[in-house]
Amino acid sequence: MDIFLTIAEGKIKEAIRNGEFDNLANRGKPLNLDDTAHIP
Numbered sequence: 000m001d002i003f004l005t006i007a008e009g010k011i012k013e014a015i016r017n018g019e020f021d022n023l024a025n026r027g028k029p030l031n032l033d034d035t036a037h038i039p
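Under numbering that gives the first Met the number 0, the residue at position 33 of the sequence shown is numbered 32, and the numbers go up by one with no gaps.
Hints were generated in silico from the structure; no laboratory data involved. Positions of the beta carbon are idealized from the N, C-alpha and C atoms, including for glycine. There could be a bad hint or two in this list.
Listed next, with one range per pair, are the computed distances between beta-carbon atoms [to be verified]:
id : residue 1 : residue 2 : range
1  : His37     : Ile15     : 22 to 28 Å
2  : Ile2      : Asp33     : 24 to 30 Å
3  : Gly27     : Ala7      : 30 to 36 Å
4  : Ala36     : Ile2      : 33 to 39 Å
5  : Ala7      : Leu30     : 19 to 25 Å
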């Protein structure tokens, strides 16, 4: 496995354990996948 992927996965899992994703602004709301305004 790529070392950068391993590091990123570890950081994400640690953030989840620490509850850093628990209070995101749009949590539980669907993503607007039709919005292409920021795609070049």
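When you take the CB atoms of Ala36 and Ile2, is the distance between them in 33 to 39 Å? holds (34 Å)
The hint says 24 to 30 Å between Ile2 and Asp33; measuring C-beta to C-beta, is that right? Violated, at about 36 Å.
Is 19 to 25 Å respected by the C-beta to C-beta distance linking Ala7 and Leu30? Hint holds: Cβ distance 20 Å, inside 19 to 25 Å.
Is 30 to 36 Å a correct range for the gap between the Cβ atoms of Gly27 and Ala7? For Gly27 and Ala7 the Cβ distance comes to about 24 Å; the hint is violated.
Hint says 22 to 28 Å; check whether the CB-CB distance for His37 and Ile15 agrees. 26 Å Cβ-Cβ, so the 22 to 28 Å window holds.
Against the hints set out earlier in the document, violations occur for numbers 2 and 3.
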